[in-house]
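Chemist: One-letter residues, chain by chain:
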Amino acid sequence: MNKGSTVKISGDVSIVLCGAAGQGIQTIEQILPRVLKRAGYNVFATKEYMSRVRGGSNSTQIRVSSRRVSAYLDRIDILIPLDNAAIPHLKKRISPDTVIIGDSEKLSSDLEFIDVPFSGLAKKIGGTIYENIVAVGMLSGMFRLDIEMVSDFIMKFFSKKKEDIVRNNITAFKKGYETGTDFCRSGKFCIDIGTDKEAAEEILISGSEAVGLGAIAGGCNFISAYPMTPSTGVFTFLAQHSDNFDIIVEQAEDEIAAMNMQLGAWYAGARAMVTTSGGGLALMVEGISLAGMIESPAVIYLAQRPGPATGLPTRTEQGDLEMALYSGHGEFPRVIYTPGTLEDAFYLTQKAFNVADKYQIPVFVLSDQNLADLIYNLPLPDMSAVNVERYIIKTGSDYKRYELTEDGISPRGIPGYGAGIIGADSDEHNEDGHITEDLDLRIKMVDKRLKKLDLVRAESVPPELIGNENYETLVVGWGSTHGAIKEALENIGSNDISYLYIKQVYPLHPDITDYLENAEKTIIVENNATSQFGKLIKLYLGMEFDSKVLKYDGMPFSVEELAGRISREAAI
Amino acid sequence: MNKEIFDLPDIDMAWCPGCGNFGIVSVLKEALAELEIKPEELVIVSGIGQAAKAPHYLRTNFFNGLHGRALPPATGIKAANPELSVIAESGDGDMYGEGGNHFIHTIRRNPDITNIVHNNMVYGLTKGQASPTSRKGFRTPIQVHGVFPEPFNPVAVAISLDASFVARTFIGDRDLTREILKKAIRHKGYALVDIFQPCVSFNKVNTYAWFKDNTYRLEDSHDPSDRQEAFRRATETTKLPLGIFYINSKNSFEENIPIYGKDKTPLFMRGPDREKLTHLIRSRI
Chain X
1 MNKGSTVKIS GDVSIVLCGA AGQGIQTIEQ ILPRVLKRAG YNVFATKEYM
51 SRVRGGSNST QIRVSSRRVS AYLDRIDILI PLDNAAIPHL KKRISPDTVI
101 IGDSEKLSSD LEFIDVPFSG LAKKIGGTIY ENIVAVGMLS GMFRLDIEMV
151 SDFIMKFFSK KKEDIVRNNI TAFKKGYETG TDFCRSGKFC IDIGTDKEAA
201 EEILISGSEA VGLGAIAGGC NFISAYPMTP STGVFTFLAQ HSDNFDIIVE
251 QAEDEIAAMN MQLGAWYAGA RAMVTTSGGG LALMVEGISL AGMIESPAVI
301 YLAQRPGPAT GLPTRTEQGD LEMALYSGHG EFPRVIYTPG TLEDAFYLTQ
351 KAFNVADKYQ IPVFVLSDQN LADLIYNLPL PDMSAVNVER YIIKTGSDYK
401 RYELTEDGIS PRGIPGYGAG IIGADSDEHN EDGHITEDLD LRIKMVDKRL
451 KKLDLVRAES VPPELIGNEN YETLVVGWGS THGAIKEALE NIGSNDISYL
501 YIKQVYPLHP DITDYLENAE KTIIVENNAT SQFGKLIKLY LGMEFDSKVL
551 KYDGMPFSVE ELAGRISREA AI
Chain G
1 MNKEIFDLPD IDMAWCPGCG NFGIVSVLKE ALAELEIKPE ELVIVSGIGQ
51 AAKAPHYLRT NFFNGLHGRA LPPATGIKAA NPELSVIAES GDGDMYGEGG
101 NHFIHTIRRN PDITNIVHNN MVYGLTKGQA SPTSRKGFRT PIQVHGVFPE
151 PFNPVAVAIS LDASFVARTF IGDRDLTREI LKKAIRHKGY ALVDIFQPCV
201 SFNKVNTYAW FKDNTYRLED SHDPSDRQEA FRRATETTKL PLGIFYINSK
251 NSFEENIPIY GKDKTPLFMR GPDREKLTHL IRSRI
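Respectively, the protein sequence lines represent chains X and G. In this text, residue positions in the first sequence follow my numbering: the first is 1, and each later residue adds one. In this text, residue positions in the second sequence follow my numbering: the first is 1, and each later residue adds one.
Because the hints were derived from the structure by calculation, they are not lab data. Treat the numbers as computed from the prediction; the structure is a model and nothing was measured. Glycine is no exception: its CB is placed at the ideal position from the N, C-alpha and C atoms. It cannot be assumed that every hint is accurate.
In silico PhoX-like links for lysine-lysine, alpha-carbon gap of 25 Å or less [what the hints assert, rightly or not]:
#1 394(X) with 264(G)
#2 38(G) with 400(X)
#3 262(G) with 156(X)
#4 239(G) with 262(G)
To give an idea of the chain X side of the interface with chain G (calculated C-beta under 8 Å), a few residues [what the hints assert, rightly or not]:
#5 193
#6 195
#7 268
#8 425
#9 541
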């Protein structure tokens with residue numbers, strides 16, 4: 001920390017809280033971003049955590065900014081270490097400009113820090129459990145948030161607790177608040193960040209919530225899944241809201257059951273989904289192939305984490321694109337969406353249900369720990385763009401489930417709706433769905449299934465160009481790298497470098513070829529070791545990226561890291 | 001209702017002449033007709049194997065899925081539309097081997113489905129290897145020194161899991177099989193019907209004559225509500241009892257699904273409540 005003159009943090013502040021699992025960081029995370037947003041600040045938060053329930057070192061970054069931000073930063077302006085392990089855990093990211101605020105009763109460090117007696121204050125109020133609310137108060141004070149507004153929020157937050165506990169929390173908040181306002185007054189440091197009226201009216205959600213809301217908007221009424229980090233957030237979200245939205249929620253005995261249950265549910269008229277991560281997807285693979293054969297809709301939310309095998313369970317990676325692309329034996333069409341923003345996580349998940357139903361194919365929504373766990377404020381979604389499209393028909397007595405049609409789509413009937421008999425068979429089958437070994441019919445059925453790929457391609461989601469249309473260098477990314485790439489290019493500030501954000505990796509939108517051809521230099525950014533999207537482009541478009549920016553240590557790209565690496569690659 | 005309503009014209013059966021599967025399909029049609037279950041309101045779900053081809057040989061809705069995976073889609077179907085009658089039908093290898101985990105957890109879940117297992121103690125479709133219910137010492141082209149593991153006892157396992165309906169029969173006894181199937185289908189909740197059925201091509205040990213000599217009907221005095229006694233009878237080995245071992249009526253999976261508490265409408269007739277969704281989204285401001 002600089003000595004002498006008062007430090008002034010303006011425009012954008014990165015606050016990091018770090019402690020052991022079980023120390024109450026989560027409560028701070030649940031309160032602080034929301035009250036900051038309600039005060040009109042743009043907020044972003046992300047966390048990195050270890051695969052354990054107690055102990056270790058977990059950290060949460062909260063960015064408070066005068067402009068929209070949606071990516072992880074290395075930079076730490078204010079660090080609140082809650083134990084002695086926190087500073088060594090974050091040492092690479094601590095700079096001389098980092099203001100450290102700690103409790104000397106718990107923290108010993110060679111680094112200079114502002115001593116705030118969190119535990120002492122909490123004990124006076126009723127116990128150390130109030131420490132985290134003292135911290136919320138202190139941070140609220142630093143931003144001079146409206147005391148009434150935050151008190152109100154805290155009261156509601158703890159409304160299920162006993163009256164004296166609510167009262168003590170309010171006292172803890174106010175004690176912390178005084179400490180926070182004092183930092184600027186006493187010349188330690190001041191925060192000066194502009195507010196934005198719009199942000200106050202926006203929603204603040206996580207990636208998991210965006211996918212969950214999108215599923216509800218898509219008419220999801222059945223989810224069968226097996227818990228697996230980092231996909232469990234969506235499963236939990238839908239379970240929490242199941243009573244309100246008539247959703248059947250079943251925790252299956254394994255991912256095989258989850259996938260097959262989903263197919264049974266679609267067969268009988270549900271709009272179903274599964275949520276999983278790579279290891280679970282491995283078990284679902286045969287069921288995905290079954291969806292291909294019986295032409296069943298399926299929605300698969302795949303939240304990636306680093307593999308192979310158990311890998312790094314709570315970290316992030318874009319390592320399962322190829323698996324999603326090739327999962328399932330045999331040849332059949334599919335769609336893979338790769339949202340990189342919370343807006344797209346919402347809209348594309350919603351769309352997944354309609355596309356799955358319309359074309360009777362499996363549709364993947366790819367996410368990862370990075371996207372699932374981050375939160376930021378965004379405008380209310382446009383509900384007029386949201387529609388549950390239904391394609392189930394009432395059948396007549398002469399109904400054939402796999403009628404050979406011009407475009408390959410056989411109208412889909414379900415049992416108990418009309419006079420028809422509905423067949424489904426994992427074997428090659430005739431138009432009624434009955435097993436066949438007629439090899440001429442086999443060709444017709446394969447062609448029928450594959451024809452649907454052309455229809456799906458015609459409806460694929462176009463990529464989004466961000467930056468100047470007359471670029472020299474084109475940076476390409478898909479999925480969760482979006483926020484970091486966008487902000488890195490803003491920081492670089494070059495008119496010559498633009499960014500192509502891919503929201504659907506398969507089948508590829510035809511515009512992608514043009515965008516790539518128009519560039520003198522192409523750079524692919526991926527959170528994996530082998531550039532899986534790069535390989536996909538080579539396979540389907542016959543083009544190769546000039547350079548690759550890859551990362552596979554289990555962490556997302558930070559803005560600074562990407563800005564540096566893209567600048568270097570662009571300059572070569 | 002006439003059982004011919006379930007007849008399919010021009011079918012090319014893949015079963016060997018004399019196979020016990022023929023009798024099972026025939027008796028099932030009789031039971032369904034007697035229960036007045038219409039083909040359009042019934043779904044038969046199967047896995048893979050010779051027995052799993054059964055739904056192709058009668059006229060009704062069918063979902064012939066993956067090996068070992070009949071029970072999860074059957075559960076999904078019944079949950080999505082509880083108005084349908086659902087039967088999950090496959091062989092012993094499919095239900096007890098490949099699908100063993102689903103067998104255990106479907107019993108725990110208790111969906112209102114009937115689980116018919118054609119049990120011939122051998123793999124037919126793959127031509128004569130041991131199945132989980134093969135008896136010790138049974139020699140096959142793979143188990144050349146005979147089978148060593150303990151045979152899987154589905155009836156005892158189901159009772160130990162407190163299944164809601166557990167029965168075993170032998171297709172050589174058509175009357176008993178028909179009566180058990182009718183009771184199982186009518187039973188609210190998961191009902192296991194393990195049916196001994198000789199494989200005339202690949203099991204030369206457990207033949208019609210063997211099953212006839214080695215089985216007997218449970219006495220009328222057997223009390224199916226007595227779980228201890230049911231388990232004891234299920235573990236008899238010298239002669240194998242046939243009949244309804246155990247009945248434990250309890251809420252079915254579908255009855256425990258909250259959305260059907262007030263409103264029985266199947267899922268396909270429901271839509272998302274946009275107003276509630278807008279409200280939920282706005283709660284995140």
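Chemist: So, for every hint listed, does it hold in this structure?
Modeler: Evaluation of the provided hints:
no.	hint	result
1	394(X) with 264(G)	holds (20 Å)
2	38(G) with 400(X)	holds (18 Å)
3	262(G) with 156(X)	violated (31 Å)
4	239(G) with 262(G)	violated (48 Å)
5	193	violated (20 Å)
6	195	violated (15 Å)
7	268	holds (4 Å)
8	425	holds (4 Å)
9	541	violated (34 Å)
Checked against the numbered hints given earlier, the structure breaks hints 3, 4, 5, 6 and 9 and satisfies all the rest.
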